[in-house]
Structure formats: structure tokens, C-alpha cells
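So the chains spell out like this:
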Amino acid sequence: MSRIKIQLNGTVEQIESANLEIILNTFAPKDRPFAVEINGEIVPSAKFSDYSIQENDKIEIISAVGGG
Amino acid sequence: MTKSKLSQQLAVDNLKIGSHVYSSRLIVGTGKYPSEDIASKAINSSGAELVTLAIKRFSQQDAISNILEVIGEKKLLPNTAGTLNAKEALRSAQLSRELFKTNLIKLEIITSSENLDPNMPETIKAAEMMVKDNFEVYVYCDRDLNNCLKLEDLGCVAIMPLGSSIGSGRGFDDLDDLILLRNKIEQILIVDAGIGVPSEAARVMELGYDAVLVNSAIAYANEPILMASAFKNGVKSGRKTFLAGRMSRSKSSIASSPTQFLK
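Quick mapping for you: the protein sequence lines, in order, are chains A and B.
When the letters of the first sequence are read in order and numbered with the working numbering, they come out as residues 1 to 68.
When the letters of the second sequence are read in order and numbered with the working numbering, they come out as residues 69 to 331.
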């Protein structure tokens with residue numbers, strides 16, 4: 001199976017599935033909310049299962065931290 | 069104010085900011101605490117209903133800490149910390165809206181990673197973009213009257229001038245600036261940044277500020293939980309003083325006891 005090169009939170013990753021939901025199962029937190037941005041566009045969670053990643057896509061997975 | 073009106077106001081002295089109503093006038097940050105347990109207890113001890121938090125890239129190293137569990141049932145005010153221009157701040161705000169399902173945002177654009185004072189041209193630009201994008205904008209800003217008036221005109225729901233540099237604990241670099249702002253700004257005014265002790269929080273509340281935002285002064289205290297409680301009392305005391313109205317100042321002494329013995 002050909003692998004897809006993406007940038008995930010600034011790090012280059014080689015992934016096997018183009019399906020966003022499958023990717024998030026590996027890389028996103030399971031115990032807290034998170035938001036996803038791909039190439040600068042926010043992807044609503046309702047679209048995760050239908051979203052196909054392309055080669056060189058830049059994915060950001062964002063979660064909460066303490067702050068003032 | 070008549071006595072009955074004053075008692076009514078004290079009984080229900082809520083703070084309305086935009087579409088939300090709060091019974092506490094202390095907003096607390098959630099960063100820099102020595103432990104999650106202390107953070108959780110200090111936040112509760114402060115009595116704050118609205119708490120700030122930030123966003124960042126998720127990493128597995130962060131997985132042991134979940135700030136949302138620490139915060140518990142509070143209203144969230146996400147900030148745009150770390151952004152240097154209006155475009156980044158809007159992106160941060162939109163990500164926060166998706167993540168936290170809130171349209172509240174604390175707009176905070178710093179000058180550089182070394183100078184945390186607000187970048188005002190970019191802040192004003194971002195405020196306009198965010199208000200148009202239906203955010204309720206609480207804006208961290210400098211103490212310049214024209215800048216604050218501009219942010220008020222743009223529709224920010226709270227104007228939040230810094231007392232002194234973020235995390236400095238210096239209190240107020242120029243209290244006269246803050247007094248002038250209170251006299252000229254009708255919108256909600258909150259001192260954000262620089263407050264070091266509860267008496268400083270009380271001082272601006274006495275001047276008629278609507279609330280204060282405190283993080284480092286609580287988180288860096290030797291006993292954060294106790295300090296959070298002290299801030300809660302300081303803010304309440306300052307607010308009551310403002311409502312009660314201070315006595316007028318006199319250059320000479322005015323007796324409160326008889327001035328002549330046995331007459």
C-alpha cells in the first residue's frame with residue numbers, strides 16, 4: 001500500500017490511510033475535545049469520517065492548555 | 069443612591085458582559101500553577117465563574133494533563149495568546165470556537181515573544197474582524213484613551229487595559245491612566261495583567277472598574293489556594309467600596325469626637 005506524506009502538528013508523518021477519522025484515531029487525544037485544521041481551514045468534527053487527506057496536507061490538532 | 073436602591077444593587081450585583089451574566093467580578097487564568105490539584109482548588113477558592121485558557125498543538129507529552137478537567141464547571145474564555153498579528157489571532161479565535169463551542173474570546177496580540185505588551189494596531193484590526201465574525205471580544209489592550217475608545221466603538225464587550233506587564237506583579241505603572249479610562253469609557257472595563265496583590269485589585273474596583281483578571285498573582289503565590297480566596301475578598305471589598313462611595317478628602321482634620329473635654 002502506498003503511504004501518504006503529511007505534516008502533522010509540524011512533524012512529517014507517513015500514513016497508510018487517507019481517511020481523516022482513521023488518522024485522528026492514532027494521533028488525536030481520546031480523553032478531551034480537540035479541533036482540527038487542515039491547510040489553514042477548520043474541519044468540523046461532523047466531516048471527519050468523509051474527509052480524505054491529500055499528499056503534503058498540513059494537519060493541526062489543537063487542544064486546550066492553561067493560560068491567562 | 070438611596071439606601072433601598074443600594075441594598076437592592078448589593079443583593080443582585082451581577083456583572084453583565086455581552087450576553088452573559090456573572091455573579092463574580094474576579095476572572096482567573098489557569099496557567100502556571102504548581103500542580104493540577106492546586107490549580108483546581110485555587111480556581112474554586114477564587115469564586116470565579118469565568119476562567120481563561122489557551123490553545124496549542126496537541127502532543128502526546130501533554131496527554132497526562134487535561135486542563136478542562138482541572139477547570140470543572142466554569143464558563144470558558146479562551147485567549148489568543150502567542151499571536152503576533154490580527155490574522156493569527158482570528159485563526160486562534162476560530163479554532164477556539166470550534167474546540168470549546170463558545171463565541172467568547174479574549175483577544176490578546178503581543179508585541180513579540182519577549183515583549184508581551186499589546187500590539188495595538190494589530191489588536192484593533194483583529195477586534196474589527198472578530199466582532200464581524202460574531203465573537204464577543206474581551207480585548208487586552210494598552211491604556212491609551214484613543215485606542216480604548218476605538219475598541220469600544222468597534223463593539224468589544226470588555227476593554228481590558230493592562231495594569232503593568234503580563235506576569236510582572238508590579239501592580240499599576242500609571243494609576244492616573246486607569247482613572248482617566250474609567251471616566252471616559254462606558255463599556256465594561258477590566259484590569260488585565262500586572263496585578264500582584266488583592267489590595268491592588270480592590271483599588272481598581274474602588275475606582276469603578278467592573279472586574280479584574282488575575283493569573284500569576286495567584287498561581288505564583290506561596291499558597292495559591294489561600295491567595296485565590298484573598299483575591300475573592302479583595303475584589304468584593306473594592307466593589308462594595310465603590311458602591312458605598314468614599315468620603316470626601318479634607319486638607320484639615322475634622323473631629324469625629326467632641327473636641328473639648330467635658331463641655
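Bear in mind the hints are in silico, worked out from the structure with no lab data behind them.
Hints may be right or wrong, so weigh each one.
As the list claims (entries may be wrong) - Straight-line C-alpha distance at most 25 Å; calculated SDA-like pairs for lysine to any residue:
1. 169/B with 254/B
2. 47/A with 169/B
3. 47/A with 202/B
Notebook entry, point to check: Can you list which hints this structure breaks, lowest number first?
Noted result: 1
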